[in-house]
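Each protein sequence line maps, in turn, to chains A and B. Per this note's numbering, the first sequence starts with residue 1, numbered consecutively. Per this note's numbering, the second sequence starts with residue 71, numbered consecutively.
Calculated from the structure, these hints are not laboratory results. Hints are not guaranteed to be accurate.
To be verified - Examples of chain A residues toward chain B, derived with CB under 8 Å:
{"#": "1", "residue": "N14"}
{"#": "2", "residue": "F32"}
{"#": "3", "residue": "P35"}
{"#": "4", "residue": "A46"}
{"#": "5", "residue": "D62"}
{"#": "6", "residue": "V64"}
{"#": "7", "residue": "A68"}
To be verified - Here are the computed distance ranges between Cβ atoms for each label pair:
{"#": "8", "chain 1": "A", "residue 1": "N14", "chain 2": "B", "residue 2": "A308", "range": "50 to 58 Å"}
{"#": "9", "chain 1": "B", "residue 1": "A195", "chain 2": "A", "residue 2": "S51", "range": "25 to 33 Å"}
{"#": "10", "chain 1": "B", "residue 1": "S83", "chain 2": "A", "residue 2": "K33", "range": "31 to 39 Å"}
{"#": "11", "chain 1": "A", "residue 1": "Q54", "chain 2": "B", "residue 2": "G197", "range": "25 to 33 Å"}
{"#": "12", "chain 1": "A", "residue 1": "W12", "chain 2": "B", "residue 2": "A308", "range": "55 to 63 Å"}
{"#": "13", "chain 1": "B", "residue 1": "Q297", "chain 2": "A", "residue 2": "Q49", "range": "41 to 49 Å"}
{"#": "14", "chain 1": "B", "residue 1": "R242", "chain 2": "A", "residue 2": "R43", "range": "39 to 47 Å"}
Just so it is clear, CB atoms sit at the ideal spot from N, CA and C, and this is done for glycine as well.
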Amino acid sequence: MAEVTDTTVNIWLNGKTETLNSSQLSDLLPRFKAPFAVALNGRFIAAAQYSDTQLKAGDELDIVSPIAGG
Amino acid sequence: MQPEFKIYGETLSSRLILGSALYPNPALMQQALQQSGCEAVTLSLRRQAPEQQGGEQFWQLIRDLKLRLLPNTAGCHSVQQAVTLAQMSRELFQTNWIKLELIGDDYNLQPDPILLLQAAEQLLADGFEVLPYCTDDLVLCKRLYELGCKVLMPWAAPIGSGLGVLNPYALRTLRERLPDATLIVDAGLGLPSHACQVMEMGFDGVLLNSAVALAKDPVVMAQAFSQAVSAGRSAFLAGAMPKQDFASPSTPVLGMPFWLQEAP
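The whole structure should be built from the sequences, with the hints applied where relevant.
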């Protein structure tokens, strides 16, 4: 993980370490293509909760999209 | 046994449900799904990797087909994983249907019956319409049905094995003991004759993926499965003749020439 400063937060994003400049979940999401769904630390985060969700160091964030399946 | 094929109140005219994975390319997937006549397709969710292209194309192709979506929880090994994935699926795919998969062993991908019951209970309480992928164990299936799973999806054989029905007794018993449940055989079928076999037993439908996607010609195989499912259903409705261990001539014996009724 990158060095932590006062303004950054290190999380696990889709299984990889990531240093964010904002702890606001909704600041991170524009880099992902719709449609997607979100889980934080293994729990579902509904779209309506994005703007109220703060990330903290060590959080595990999963952002998933449709794929083929049987 | 239901006269119509219903999944939680939704009537489907085709009793074949196909998966969307493992096809040689997206165009063949689309053609196979179309030619099969299926009205529902399974799909899943995985981590989005922006560097990997193709996810958007898949989603667009699936949406263009205008099929009912049946998201799965494939790969989950815990109740929490399955519940979370189901909740993400519901939001993204806008459906209460969930094909609940909870794997208990990685060698044969056998469902974990204990965790399956726990997860099904949570999801049903949360408003999901749960289609559990389960083994052919009668008591497990009874418990799932009693919990409120109106649709059960027992395996015929391990996922992707193509072995066909390993335990016909168990499947027949399920049908006999759960006459009001919607029973869909899911997993392990390799040939259209396998699908026909379970439909002849009175199963309500068939769900498969590998047998079509991994065929040399997936489109033709999709058609073959569609025909087999229809044939098996018709045979079930028609009612098979009783079996017997001895021969009965089909041509009348009376009037047979070259036969003397009295000794010369």
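**Asked** Quick one, is the A:P35 hint okay against chain B at 8 Å, beta carbons?
**Response** 5 Å, holds
**Restraint check, 8 Å cut-off on beta carbons, for A:A46 near chain B** = At 6 Å from the nearest chain B Cβ, A:A46 passes the 8 Å test, so the hint holds.
**Message:** The hint names A:V64 as touching chain B; please verify it with the least Cβ-Cβ distance against 8 Å.
**Reply:** Since chain B brings a Cβ to about 4 Å from A:V64, closer than 8 Å, the hint holds.
**Prompt:** In this structure, is the beta-carbon distance linking A:N14 and B:A308 contained in 50 to 58 Å?
**Reply:** 53 Å, holds
**Prompt:** So the hint says 41 to 49 Å: do the beta-carbon atoms of B:Q297 and A:Q49 match that?
**Reply:** 48 Å, holds
**Asked** Should the interface hint for A:D62 be scored as holding, given a Cβ-Cβ cut-off of 8 Å against chain B?
**Response** 6 Å, holds
**Prompt:** At a threshold of 8 Å, is the proposed contact between A:A68 and chain B supported by beta-carbon distances?
**Reply:** OK, holds: A:A68 within 8 Å of chain B, min 4 Å.
**Prompt:** Taking the CB of B:A195 and the CB of A:S51, does the distance hold inside 25 to 33 Å?
**Reply:** With a Cβ separation near 28 Å, B:A195 and A:S51 satisfy 25 to 33 Å, so the hint holds.
**Prompt:** How about A:F32: closest beta carbon in chain B under 8 Å, or not?
**Reply:** 6 Å, holds
**Item:** Evaluation of the interface hint that places A:N14 against chain B, nearest CB under 8 Å
**Value:** With a closest approach of 4 Å, the A:N14 hint holds.
**Prompt:** Taking the CB of B:R242 and the CB of A:R43, does the distance hold inside 39 to 47 Å?
**Reply:** Roughly 42 Å apart at Cβ, these two residues keep to the hinted range, so it holds.
**Message:** I want to verify a distance hint. Is the separation of the beta carbons of A:Q54 and B:G197 within 25 to 33 Å?
**Reply:** 28 Å, holds
In this structure, none of the earlier numbered hints is contradicted; all agree with it.
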